[in-house]
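Fit chain B to the known structure of chain A by using the hints.
Each protein sequence line maps, in turn, to chains A and B. To convert, note that position 212 of the first sequence is 212 in my numbering; the numbers rise steadily by one, no gaps. To convert, note that position 202 of the second sequence is 202 in my numbering; the numbers rise steadily by one, no gaps.
Derived by calculation from the structure, the hints in this document are not laboratory data. As the structure is a prediction and not an experimental result, all values here were calculated from the model. Among these hints, one or two may not hold up.
[Said to hold, decoys possible] For the chain A half of the interface with chain B, some residues (derived, Cβ under 10 Å), not all of them:
id	residue
1	96
2	99
3	101
4	113
5	140
6	157
7	163
8	209
9	217
C-beta atoms are modelled at their ideal positions from N, C-alpha and C, and glycine is treated no differently.
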Amino acid sequence: MTPAGSLLLAKDLRKSYGSTPALDGAEFSIHPGEVVAVMGPSGSGKSTLLHCLAGIVTPDSGSILYNGRELSSMKDAERSALRRSEFGFVFQFGQLVPELTCTENVALPLRLTGVRRKEAERTALSWMERLEVEDLGNKRPGEVSGGQGQRVAVARSLVTSPRVVFADEPTGALDSLNGERVMQLLTEAARSTNAAVVLVTHEARVAAYSDREVVVRDGKSRDMMLEHSV
Amino acid sequence: MNRLRDLTLGARFALTGGREGWTRTLMTAIGVGLGVALLLATTALPGALSARDARDNARNDYGAGQETPAAADTMLIARTDTVFGGDDVRGRLVQPEGDRAPVPPGLSALPAPGTMVVSPELRDLLKSPGGKLLRERVPYKITGTIGDAGLLGPHELAYYAGSDSLKGHKTLSSNRIDIERIKTFPDKKPGEPIDPILALLIVIIFVVLLLPVAVFIAAAVRFGGDRRDKRLAALRLVGADSRMTRWIAAGEALAGSLLGLGLGTVFFLIARQYVGEVTIARLNVFPSDLNPSVALALLVGVAVPAAAVGVTLFALRGVVIEPLGVVRTSVPRPRRLWWRLLLPVVGLGLLIPMFDKGRDTGFYNQTQVIGGTVLLLIGVTALLPWLIETVVRRLGGGGVGWQLAVRRLQLNSGAAARLVNGIAVAVAGAIALQMLFSGIEGDYVKSSGEDTARAQLVVPMSSNLSKAEQERREENLKAVPGVTGTTTLGNVGLHTPNPDDQKYVEMAVGDCRALREVGELPSCKDGDVFVAAGGEFGGDGAAPGAKLLFESAWVGDRKGPETPYTVPRDARTVQARPDPLGTKRGGLLATPGAVRKFTKISVYYTTYVTTRPGDGTAADRVLNAAWRDDPFTRARALNDVKTATKFSGVRRGLYIGAAAVLMLIGTSLLVSMLEQLRERKRLLSSLVAFGTRRTTLSWSVLWQTAVPVTLGLTLASGVGLGLGAVLLRMVGRPIHIDWPSVAGMVGIGGAVVLLVTALSLPPLWRLMRPDGLRTE
Numbered sequence: 001m002t003p004a005g006s007l008l009l010a011k012d013l014r015k016s017y018g019s020t021p022a023l024d025g026a027e028f029s030i031h032p033g034e035v036v037a038v039m040g041p042s043g044s045g046k047s048t049l050l051h052c053l054a055g056i057v058t059p060d061s062g063s064i065l066y067n068g069r070e071l072s073s074m075k076d077a078e079r080s081a082l083r084r085s086e087f088g089f090v091f092q093f094g095q096l097v098p099e100l101t102c103t104e105n106v107a108l109p110l111r112l113t114g115v116r117r118k119e120a121e122r123t124a125l126s127w128m129e130r131l132e133v134e135d136l137g138n139k140r141p142g143e144v145s146g147g148q149g150q151r152v153a154v155a156r157s158l159v160t161s162p163r164v165v166f167a168d169e170p171t172g173a174l175d176s177l178n179g180e181r182v183m184q185l186l187t188e189a190a191r192s193t194n195a196a197v198v199l200v201t202h203e204a205r206v207a208a209y210s211d212r213e214v215v216v217r218d219g220k221s222r223d224m225m226l227e228h229s230v
Numbered sequence: 001m002n003r004l005r006d007l008t009l010g011a012r013f014a015l016t017g018g019r020e021g022w023t024r025t026l027m028t029a030i031g032v033g034l035g036v037a038l039l040l041a042t043t044a045l046p047g048a049l050s051a052r053d054a055r056d057n058a059r060n061d062y063g064a065g066q067e068t069p070a071a072a073d074t075m076l077i078a079r080t081d082t083v084f085g086g087d088d089v090r091g092r093l094v095q096p097e098g099d100r101a102p103v104p105p106g107l108s109a110l111p112a113p114g115t116m117v118v119s120p121e122l123r124d125l126l127k128s129p130g131g132k133l134l135r136e137r138v139p140y141k142i143t144g145t146i147g148d149a150g151l152l153g154p155h156e157l158a159y160y161a162g163s164d165s166l167k168g169h170k171t172l173s174s175n176r177i178d179i180e181r182i183k184t185f186p187d188k189k190p191g192e193p194i195d196p197i198l199a200l201l202i203v204i205i206f207v208v209l210l211l212p213v214a215v216f217i218a219a220a221v222r223f224g225g226d227r228r229d230k231r232l233a234a235l236r237l238v239g240a241d242s243r244m245t246r247w248i249a250a251g252e253a254l255a256g257s258l259l260g261l262g263l264g265t266v267f268f269l270i271a272r273q274y275v276g277e278v279t280i281a282r283l284n285v286f287p288s289d290l291n292p293s294v295a296l297a298l299l300v301g302v303a304v305p306a307a308a309v310g311v312t313l314f315a316l317r318g319v320v321i322e323p324l325g326v327v328r329t330s331v332p333r334p335r336r337l338w339w340r341l342l343l344p345v346v347g348l349g350l351l352i353p354m355f356d357k358g359r360d361t362g363f364y365n366q367t368q369v370i371g372g373t374v375l376l377l378i379g380v381t382a383l384l385p386w387l388i389e390t391v392v393r394r395l396g397g398g399g400v401g402w403q404l405a406v407r408r409l410q411l412n413s414g415a416a417a418r419l420v421n422g423i424a425v426a427v428a429g430a431i432a433l434q435m436l437f438s439g440i441e442g443d444y445v446k447s448s449g450e451d452t453a454r455a456q457l458v459v460p461m462s463s464n465l466s467k468a469e470q471e472r473r474e475e476n477l478k479a480v481p482g483v484t485g486t487t488t489l490g491n492v493g494l495h496t497p498n499p500d501d502q503k504y505v506e507m508a509v510g511d512c513r514a515l516r517e518v519g520e521l522p523s524c525k526d527g528d529v530f531v532a533a534g535g536e537f538g539g540d541g542a543a544p545g546a547k548l549l550f551e552s553a554w555v556g557d558r559k560g561p562e563t564p565y566t567v568p569r570d571a572r573t574v575q576a577r578p579d580p581l582g583t584k585r586g587g588l589l590a591t592p593g594a595v596r597k598f599t600k601i602s603v604y605y606t607t608y609v610t611t612r613p614g615d616g617t618a619a620d621r622v623l624n625a626a627w628r629d630d631p632f633t634r635a636r637a638l639n640d641v642k643t644a645t646k647f648s649g650v651r652r653g654l655y656i657g658a659a660a661v662l663m664l665i666g667t668s669l670l671v672s673m674l675e676q677l678r679e680r681k682r683l684l685s686s687l688v689a690f691g692t693r694r695t696t697l698s699w700s701v702l703w704q705t706a707v708p709v710t711l712g713l714t715l716a717s718g719v720g721l722g723l724g725a726v727l728l729r730m731v732g733r734p735i736h737i738d739w740p741s742v743a744g745m746v747g748i749g750g751a752v753v754l755l756v757t758a759l760s761l762p763p764l765w766r767l768m769r770p771d772g773l774r775t776e
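Same shape as in the complex, but just chain A (with noise of 0.2 Å):
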């Protein structure tokens, strides 16, 4: 798929930490709907290209096009309301607030947009039915099994509506049944709502979900589906 029409647009893209180069001309691109799966080695630099793409992390150089505007021109808070309203976040670990109820982790989002509690623990509770934890509405994380709370955490970062969703190896902490069912909700929520998807991983079963892969190696980014066409 070419980049025109593109969501999010990423071009040359290089970060460095210290003297070790993570991203080192990394490219990317993602349409509305779209789920594209990132993928590589450990120590590829996947985590990092996500964390520029979500503007979490400033590249050394490069550009990243969100729906026409340079991210990194932005201020810091202005990319902060970005995250909070326009992107959604799944983590492989240590998301979930602990000391909140899953409930009350899912409408997070919504209350930092400044939505009221009742209202926005009510939509929390309509994503969390969808999948399928509204029973743990009153647990804690701490009182779930690890599948029930990638699942919450998955509804969380959906509850925004959001137009992206970065998971970073949602299902790596996951036996396969569990990893597959969170990938399945995952994928289906987000098509049904148009929300692309950036999916970072590095196992083939939970890229399969997506509808095209991108493989990072050495910090440099290559999208298989481009080649294939080629």
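Chain B in isolation, oriented as in the chain A frame:
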């Protein structure tokens, strides 16, 4: 044996657990080390103060025999103490009368006339521009430095100056009581034994200061507890039973505390090097004074590791460590109140039997006092977790920051309570002490009677001064910049003629304006004489028409003849009034015209000086002017409050201790908070990733601290007021609450917490960086 093995294993984990293990052990060690350093300092404090007293005694020149004849081993010594910028300056003029004259401690030889040896602090002051005014009063050439043995502390201002003119002043007629002839430096008269109420106060101060340190150490050995619990779960997985895991955990704490003992000793030794630089409440000591007593140091060495093991075992009693994790992440069962209440109740039970002892025998059973106070204050640490849990369970609503904080507190109120325990105990103790201090202050702090509104300085003139010389000196004082007025009163002694029933009569001589300072005069003109009634002394034989004799004046070393005096029959009787020094003299008040013909009488003049309000250096300029006219002047500033030395010493000790404890607790709070933040690094990063504002998280941290702190300080105020009331009843004083000081204590406690929160914000923001999301 098995326990020893488990302890050793735990200690090994603490030291070989990689970076993570080391960090935790180091944090514990630093925390324990700070506590140990403070404990060592406290055990060394009594020794430091007695070393200071010993040096004070060794250089004492009061109480030498008045009649010592001049000899090769005698020396004349004159006290020329002064005050500069509010600081005391100890001054001595010395004149040896032979080659074996005694040399004061800290000096290798007596200074030659016109030269002086000075304390290092005085040398620096005199060399600095700020010491210019003092230089006028201490003009001698500096030829040496007083050694430590001759000084109370490194910051003392002191000098010994050589003189060759003391002998001329050492005559009976000179009335120089400040010049003494000494052979040796005599021992100080033993002071009065410390009274039981002060002893009680000291005991309470030690409990109040040391208990927060103990609470702090208990908190420090639990630093990094969450991660440790995860490690313990892993041990359960490979076959350790729950008892073993507890002892392994205790072993980890033991290693941390032993390392802490070592670090504490190092901290103490480092701090000791700098102790000379610190002056608290006008007290400072030499580093060499600060030597902990061996027995107490050994006690610290044994008690701290034992406490580390005990606290860990106690803390883990409610934690179920399972092979797959620690069952504490679920909501814990509610805390029970009954045994928590038992502690303060038993404490009260121990103290109540001692009510009113201060009025009767004054005997307090110290063990009972310590036990009761400790239990009452420990009650704060027992009640606080229950209080926080009970209150936060009912909290809800609010913004995201508030919700995050409240939920965190609901999940783990114990950690919050641990954070605040130390400060709550310190504040409770401080409030109780403050109440006790205020209650008994009246016994130890008395008004000196000096009226600083009427005069700011008093300049006594030497005797045998001619009227002309007195006037010249008064003019000199008037000419000092900043002086707004002077009043001079003369003082003459008379007595009734009957040798069998001789009564002393005081006569004040001065112009009408000056006499109004000592009597309520209806009208006055030169030549008038008044009889002052209602005076404290000197008025017995004074009446209109009474025949009296002026006391003999000294002529050289012999007394002159007594001059008869008849009080005029028309002398009016007026009411005596206290002079600016607070002395209400009776007797006669005479204008100069009334005594002009009596040229042989000896008048002692005293000039009262008023200065411009707000002129900080006027007093020093007046003292300089007085010194120029009389190097032995006893001119001084008036002070309207007089505090008993021992009481002010105790209060001073309290301030020193309280400052150290607050610093320690602040550090403890900071370490605990940073540790909590570090544990949540990944979570904080992910919260920021999905757009959480920094301010939201900052508010969450603030609420997370503010809620338990508010509850802790409320509880501390209650317990503190209760303990204060009990202590006041013990010393037989009415219960009175000094609300401003309670508010002050609570405010200081709150300020420490706010400061710590502010200091933890930069690390919080740093932890919110996306680096926390990186796993590789």
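Taking the hints in turn, this is what the structure says about them:
no. : hint : in the structure
1   : 96   : 8 Å, holds
2   : 99   : 4 Å, holds
3   : 101  : 8 Å, holds
4   : 113  : 8 Å, holds
5   : 140  : 7 Å, holds
6   : 157  : 8 Å, holds
7   : 163  : 14 Å, violated
8   : 209  : 22 Å, violated
9   : 217  : 14 Å, violated
In terms of the numbered hints stated before, the structure departs from hints 7, 8, 9, listed from lowest to highest.
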